[in-house]
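Take the sequences, apply the hints, and build the full model.
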Amino acid sequence: MQPILKQDLEVDRVSKRYGAHAAVDTLSFAVAHGSFFSILGPSGCGKTTLLRIVAGFLAPDDGEIRIGGRSMRDVPPNRRPVNMVFQHLALFPMMSVGENVGYGLTRRGVARAELANRVDAMLKRVGLPGAQPKRIDQLSGGQKQRVAIARSLVLEPTLLLLDEPLGALDLKLREHMKIELKQLQADFGTTFVYITHDQSEALVLSDHVAVMNAGRFEQVGTPQELYYRPATPFVAGFVGANNRVAGKAIGVDAGVVAIETAAGLRVQARASGPVATGDAVEAYVRPEVVDLARDANELPHGTQGFSGRVESLLFDGANSAVLVTEASTRAEIRIALPQTGRLADLRVDEPVAFGFDAERAVCFRSG
Amino acid sequence: MATAHLDASAIDRPRVQLGVLLLLAPALLWLVGLIVLPHVELAVLSLRARVAPRVYEWSLDQYATFIDEPLYWHTFVRTAAMSILATVSTLLIAFPVAWYIAKIARGRAKSVLFILCLIPFWVSETVRTLGWMILLRESGVLPRLLADLGITAAPVELLYHDATILVGLVYTSMLFMVVPLVSALETLDDSLIEAAYDLGGNGWSILRQIVIPHAAPGIAAGSIVVFMLTLGNYLTPTLLGGKNSLWFTEQIYTQFITRFNWEQGAAFGFLLLILSTAIVWLGLKVTGQRFGDVMRRA
Chain U
6 MQPILKQDLE VDRVSKRYGA HAAVDTLSFA VAHGSFFSIL GPSGCGKTTL
56 LRIVAGFLAP DDGEIRIGGR SMRDVPPNRR PVNMVFQHLA LFPMMSVGEN
106 VGYGLTRRGV ARAELANRVD AMLKRVGLPG AQPKRIDQLS GGQKQRVAIA
156 RSLVLEPTLL LLDEPLGALD LKLREHMKIE LKQLQADFGT TFVYITHDQS
206 EALVLSDHVA VMNAGRFEQV GTPQELYYRP ATPFVAGFVG ANNRVAGKAI
256 GVDAGVVAIE TAAGLRVQAR ASGPVATGDA VEAYVRPEVV DLARDANELP
306 HGTQGFSGRV ESLLFDGANS AVLVTEASTR AEIRIALPQT GRLADLRVDE
356 PVAFGFDAER AVCFRSG
Chain B
158 MATAHLDASA IDRPRVQLGV LLLLAPALLW LVGLIVLPHV ELAVLSLRAR
208 VAPRVYEWSL DQYATFIDEP LYWHTFVRTA AMSILATVST LLIAFPVAWY
258 IAKIARGRAK SVLFILCLIP FWVSETVRTL GWMILLRESG VLPRLLADLG
308 ITAAPVELLY HDATILVGLV YTSMLFMVVP LVSALETLDD SLIEAAYDLG
358 GNGWSILRQI VIPHAAPGIA AGSIVVFMLT LGNYLTPTLL GGKNSLWFTE
408 QIYTQFITRF NWEQGAAFGF LLLILSTAIV WLGLKVTGQR FGDVMRRA
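Those sequence lines, one after another, are chains U and B.
Per the working numbering, the very first residue in the first sequence carries number 6; after that it's consecutive.
Per the working numbering, the very first residue in the second sequence carries number 158; after that it's consecutive.
By construction, these hints were calculated from the structure, which means they are not laboratory data.
Where hints are given, some of them may not hold.
Unchecked claim - Pair ranges (Cβ atoms, derived):
#, chain 1, residue 1, chain 2, residue 2, range
1, B, Asp347, U, Thr31, 40 to 50 Å
2, U, Gly39, B, Arg263, 33 to 43 Å
3, B, Leu180, U, Ser325, 55 to 65 Å
4, U, Ser20, B, Gly288, 52 to 62 Å
5, U, Ala116, B, Val443, 26 to 36 Å
6, U, Ser20, B, Lys260, 21 to 31 Å
7, B, Arg263, U, Gly322, 42 to 52 Å
8, U, Asp175, B, Gly288, 36 to 46 Å
9, B, Lys260, U, Ser205, 32 to 42 Å
10, B, Arg263, U, Asp142, 23 to 33 Å
Ideal Cβ placement from N, Cα and C applies to all residues, glycine included.
Shown next, in the form of structure tokens:
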């Protein structure tokens with residue numbers, strides 16, 4: 006990381022064990038000032054534990070947390086320059102919207118008049134002007150979300166932690182809140198640390214994403230890096246849709262591995278990490294990387310070509326895909342339908358040709 | 158269309174009401190037969206005076222006696238004050254217990270603790286109170302122990318004090334406070350407490366601003382039940398307080414059973430009913446609770 010950038014959060018070799026199970030395993034990372042950092046992982050990967058350690062609700066077994074350059078050892082949650090937006094928001098139902106947003110300021114002993122001004126200004130900034138007297142149960146899901154964020158941001162924390170706050174919302178609202186959250190973060194310039202199991206949230210929102218698995222980070226990078234250059238099989242499988250082809254490396258030439266599956270299918274893919282002939286390997290091919298055509302001549306020049314038959318059509322608007330079985334090995338592959346409307350009339354059982362550029366598929370040594 | 162619908166419901170309604178009435182019949186019989194009728198009878202009794210053998214006339218004499226005789230209203234006020242004190246003490250002791258059961262204990266420990274609260278009720282109230290007497294009387298376990306340890310020179314009588322009555326009342330009432338408190342605290346989302354802590358709250362402010370407002374209906378429910386039980390308790394004050402317990406239920410007992418003065422006893426009974434209603438109403442008013450909400454929690 007560049008030393009010029011101010012790091013708002015530094016996590017230094019932090020571990021947390023429950024019995025023999027390491028929920029967080031000697032983890033180190035830093036989050037730069039003003040950035041939107043996401044931790045993406047399946048449930049049970051330790052991301053919530055990590056967030057609770059940063060917030061101060063859990064003490065790490067080992068390692069140190071520094072926030073704004075200051076060590077957080079033995080600093081309780083109510084004294085950390087960190088606020089958290091909880092999974093179910095945890096708005097106080099016994100208080101009005103104004104009291105919720107003003108709660109933290111009251112605790113800090115801010116004078117009544119100034120408090121009212123700051124609450125008012127904050128509610129305006131999140132698009133809820135004059136909502137002070139409303140009860141929490143009068144708010145919609147999206148408004149509750151904004152109140153929860155306002156309640157934290159009014160305290161001007163160094164770091165805002167968000168624990169899957171969009172999880173409880175329905176799909177349409179979630180899409181909307183994603184955009185709103187990104188705009189809010191850009192507006193306030195506060196450093197956000199966001200945890201989620203939803204890869205689309207992580208990719209859309211973040212400047213940097215860490216993919217977490219079994220207490221460790223598999224890869225930290227920009228959404229584009231994670232998507233196009235996954236560092237591990239886990240990342241390739243977890244981020245975005247992917248076709249997995251497992252087999253044996255039968256040749257390596259200029260960083261391109263030739264793979265043969267147990268059924269005899271031969272494909273080529275770019276090697277990631279050391280791969281030698283004879284290794285057990287797995288290749289990942291994204292559905293949109295595969296070209297699909299009715300006739301093999303229509304495939305772009307220079308790509309490896311296969312023939313097959315349409316197994317089923319998965320229509321989902323812009324995300325439509327077809328499942329194709331390869332002719333000789335019966336291997337199944339998911340291919341994205343071209344957006345141009347070409348092949349929109351494809352039928353089940355129709356013979357097709359498909360192929361992909363070896364450079365755009367990635368191959369790892371297994372295990 | 159709308160009229161047709163109205164007509165149909167108008168025809169349906171009496172039938173539905175009859176069904177509901179039949180279902181409610183046992184409860185209604187119980188209410189009317191055991192609560193309303195005796196109270197009407199009591200009211201009538203309390204409002205008449207005997208002028209000659211078997212000759213009665215309407216009068217407020219019984220109530221006048223209550224006001225004229227300082228012992229009566231002194232006992233009355235004392236009973237109310239002690240009951241309030243017992244209720245508050247029960248709340249203060251039961252709250253941490255309920256908090257532990259609802260928020261800290263997990264799985265088996267939780268049910269074991271609940272059963273521990275319930276176990277004293279396996280034994281009849283008389284036996285439980287006699288148990289206290291065995292512990293506290295001058296020749297009992299506790300005074301002997303205090304004397305042996307040299308804390309007191311000789312065994313002291315621990316029975317027949319106001320504090321003894323309070324201890325007995327709190328002990329008898331614990332369960333009725335713990336149960337509604339546990340159910341109120343269990344519904345409190347832990348993340349609310351964490352959120353308040355995260356936003357800068359400390360233990361005391363969270364208790365005051367988050368926990369107590371949330372548990373208020375449960376607190377009110379427990380307090381009402383305990384207050385009613387305490388105010389109407391006869392056995393515990395009599396046995397643990399002895400002759401100078403001066404509990405109002407004793408006055409009622411004396412009028413009915415010892416003096417055969419049913420008219421006076423009925424008037425006292427009514428005064429106690431008015432007293433408990435007034436104090437509960439006042440308590441709800443002061444804490445801003447609604448009776449319906451509270452009873453749903455109880």
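Does the Cβ pair aspartate 175(U), glycine 288(B) satisfy 36 to 46 Å?
violated (59 Å)
With 26 to 36 Å as the target window, see if alanine 116(U) and valine 443(B) comply at their CB atoms.
holds (30 Å)
Taking the CB of aspartate 347(B) and the CB of threonine 31(U), does the distance hold inside 40 to 50 Å?
Violated, at about 29 Å.
Given the range 33 to 43 Å, decide if the beta-carbon distance of glycine 39(U) to arginine 263(B) lies inside it.
At 41 Å between Cβs, range holds.
In this structure, is the beta-carbon distance linking arginine 263(B) and aspartate 142(U) contained in 23 to 33 Å?
About 30 Å separates the Cβ atoms of arginine 263(B) and aspartate 142(U), which means 23 to 33 Å holds.
Please test the hint of 42 to 52 Å on the beta carbon pair from arginine 263(B) and glycine 322(U).
For arginine 263(B) and glycine 322(U) the Cβ distance comes to about 47 Å; the hint holds.
Could you tell me whether the CB distance from lysine 260(B) to serine 205(U) stays inside 32 to 42 Å?
holds (36 Å)
At the C-beta level, are leucine 180(B) and serine 325(U) separated by a distance inside 55 to 65 Å?
holds (58 Å)
Indicate whether the distance between the beta carbons of serine 20(U) and glycine 288(B) respects the range 52 to 62 Å.
Cβ of serine 20(U) to Cβ of glycine 288(B): about 53 Å, so the range 52 to 62 Å holds.
Just to be sure I understand the hint, the distance between the Cβ atoms of serine 20(U) and lysine 260(B) should be within 21 to 31 Å; is that true here?
At 28 Å between Cβs, range holds.
Hint violations for this structure: numbers 1 and 8, all remaining hints satisfied.
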